[in-house]
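Asker: Protein chains in written order, with my numbering: chain A, 1 to 196; chain B, 1 to 172; chain C, 1 to 179.
Hint data in this document are derived by calculation from the structure and do not stem from the laboratory.
Glycine residues also receive a C-beta, built at the ideal position from the N, C-alpha and C atoms.
Watch out, some of these pointers could steer you wrong.
[Stated by the list, open to error] Simulated restraints, written as ranges between beta carbons of each label pair:
id, chain 1, residue 1, chain 2, residue 2, range
1, A, Glu71, C, Ile5, 52 to 58 Å
2, A, Thr13, B, Ala50, 22 to 28 Å
3, C, Glu169, A, Arg33, 38 to 44 Å
4, A, Gly117, C, Gly58, 21 to 27 Å
[To be verified] Interface residues of chain C toward chain B, partial, derived using beta-carbon atoms under 8 Å:
id, residue
5, Phe10
6, Leu162
7, Leu171
[Said to hold, decoys possible] Over the 10 Å line for every Cβ pair with chain A, so calculated as not near, a few chain C residues:
id, residue
8, Phe37
9, Gly103
10, Val158
11, Gln173
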Amino acid sequence: MNHRHVLAAVAATLALGAALTGSRTTDVATLARQIQHEDDHVTALELAQWIKDRKPGLRVLDIRSDSEFNEFHIPSAERLPLEELTKLRPKGNETLVLYSEGGAHAAQGWVLLRSVGFDKVYFLKGGLLDWMDDVMSPMIPEAGISPASDSMRVRVGALSRYFGGLPRVGIVPLSGTHAQPASLSASIARTRRRGC
Amino acid sequence: MSDRAPRPYSDPYLTGVALGLVLLAAYVFAGRGLGASGAFATVAAGAVNATSPGAARANFWFADHLDAGSFWRDWLVVELAGVVIGAWISAKLAHRVQLVVERGAGTTVRGRVAAAASGGAVMGVGAVLARGCTSGQALTGGALLSVGSWTFIAGAFGAAYVVAFVRRGAWS
Amino acid sequence: MMAFIIGLAFGACLERSGLGSAKKLMGQFNLTDLAVFKVMFSAIITAMLGMFWLSRFGLVDVTRVYVPETFILPQLVGGVVFGAGFALAGLCPGTSCVAAASGRGDGLAVVLGMFAGVLGFGFVLPSIETFYSSTSRGALTLPTVLGMSQGGVVLLIVFAALVGFVVAEWLEQRPGTPT
Numbered sequence: 001m002n003h004r005h006v007l008a009a010v011a012a013t014l015a016l017g018a019a020l021t022g023s024r025t026t027d028v029a030t031l032a033r034q035i036q037h038e039d040d041h042v043t044a045l046e047l048a049q050w051i052k053d054r055k056p057g058l059r060v061l062d063i064r065s066d067s068e069f070n071e072f073h074i075p076s077a078e079r080l081p082l083e084e085l086t087k088l089r090p091k092g093n094e095t096l097v098l099y100s101e102g103g104a105h106a107a108q109g110w111v112l113l114r115s116v117g118f119d120k121v122y123f124l125k126g127g128l129l130d131w132m133d134d135v136m137s138p139m140i141p142e143a144g145i146s147p148a149s150d151s152m153r154v155r156v157g158a159l160s161r162y163f164g165g166l167p168r169v170g171i172v173p174l175s176g177t178h179a180q181p182a183s184l185s186a187s188i189a190r191t192r193r194r195g196c
Numbered sequence: 001m002s003d004r005a006p007r008p009y010s011d012p013y014l015t016g017v018a019l020g021l022v023l024l025a026a027y028v029f030a031g032r033g034l035g036a037s038g039a040f041a042t043v044a045a046g047a048v049n050a051t052s053p054g055a056a057r058a059n060f061w062f063a064d065h066l067d068a069g070s071f072w073r074d075w076l077v078v079e080l081a082g083v084v085i086g087a088w089i090s091a092k093l094a095h096r097v098q099l100v101v102e103r104g105a106g107t108t109v110r111g112r113v114a115a116a117a118s119g120g121a122v123m124g125v126g127a128v129l130a131r132g133c134t135s136g137q138a139l140t141g142g143a144l145l146s147v148g149s150w151t152f153i154a155g156a157f158g159a160a161y162v163v164a165f166v167r168r169g170a171w172s
Numbered sequence: 001m002m003a004f005i006i007g008l009a010f011g012a013c014l015e016r017s018g019l020g021s022a023k024k025l026m027g028q029f030n031l032t033d034l035a036v037f038k039v040m041f042s043a044i045i046t047a048m049l050g051m052f053w054l055s056r057f058g059l060v061d062v063t064r065v066y067v068p069e070t071f072i073l074p075q076l077v078g079g080v081v082f083g084a085g086f087a088l089a090g091l092c093p094g095t096s097c098v099a100a101a102s103g104r105g106d107g108l109a110v111v112l113g114m115f116a117g118v119l120g121f122g123f124v125l126p127s128i129e130t131f132y133s134s135t136s137r138g139a140l141t142l143p144t145v146l147g148m149s150q151g152g153v154v155l156l157i158v159f160a161a162l163v164g165f166v167v168a169e170w171l172e173q174r175p176g177t178p179t
């Protein structure tokens, strides 16, 4: 036997073994790993950036009720009830982002879509509540704290204003119209989960 | 190492296995396969951007390549630089570096260079459409069982046999 | 840095196997020297088996590896155009760089032609964007299309390649075939 026969025999054995063991690559374990790696969601700021950049193939799906959708939805979103998700068929260059009020329904929708073969699908972490907090009325640092914080300030501020939001600066009260709570924790408590 | 004669090429199966291991290393350590034409695309996009940033931005395909990251850090460009240097070292060690224009007996140097340049241009068009070449599609996608990559392999080899048959005189 | 090391190894493998030589590559298409097929399919089955077994034992996470997306029509047409150019040039993009690096003028000509082709076609592409992104199927793989397990497809390809190697050896041994 020369090396060619050895190589051929090794390849044949490994291939036979492969056919017999089957695969465990496209199943629940894969989904679990993606969830572990946090590859399953996007943050509100990431989604805002995608919409603003007109990311090719992006489809934002609102899985809440009709009345909730009519009251407010993320710009460019289309409404699609959870039960109709399974009727979607994968299209190559589409990236789907699901969102619900708090995020739980969208996360469940993510599992549904992934298990029927969608690859590029995400859910909005924290749902519409996070969108309200982090895009529509984000807290941005005061100017001049550090270059990094300034670039964040400019980026988040611009993104928020693009969607008609109102960025709020640090814990220092804005002059005039907006009354601000005095302490940081009160400010956060008020900013988080103001009913929307 | 007294003789300076070019040494014969290595066994195709063994080098194939070695190449497969390099590809595997690329999957494992870089999360992607190998490529060559993509580096050309990045350089082309970089060149357009350098002369006319507006034109580069207006073209969705150039813009895509610019957004992929800064030019000198682009994975494929660095990889292809490695290919050139790796090939040169390997050829040097085996005394195979020769300044020649390889051609069939019945072909002039000028004819060969013209065929090479025009073939290269046609191949560039095909690689753009197919989103990759023999390295990026056939090898990388082939081993990952991508349907598009196997479609590309079928199309490319089919066409290559037809053209090679039509031009069979050029290399005899 | 990783990219550079992998590139070095890639270039060295191509050079050692002789794929930096247009004459050798054309032997594939004139069925006199099938090194291209042997090297390419040895590499494909090695990497494919490696990926399968590494992921089977949980040593590598396949979801982290980028699978080239499928766009059936543009890739078929692109493949045909590419193949025609390949046979005309005698070298493919990767091997033309190898050829140029080992001092071959024809390799350099292919590299320059290729660059011109990519650059020129880049300007034309927006006008055929619809075709370019048509028949898109995402990261579609053969097991899904064939309705087979991944291992089954791996077995099929490995055996097809092994049969191909036997045929290749036979073609090269034919009487009247220069070696």
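Asker: Are there hints from earlier that the structure breaks, and if so, what are their numbers?
Answerer: Failing hints, ascending: 2, 6, 7 and 10.
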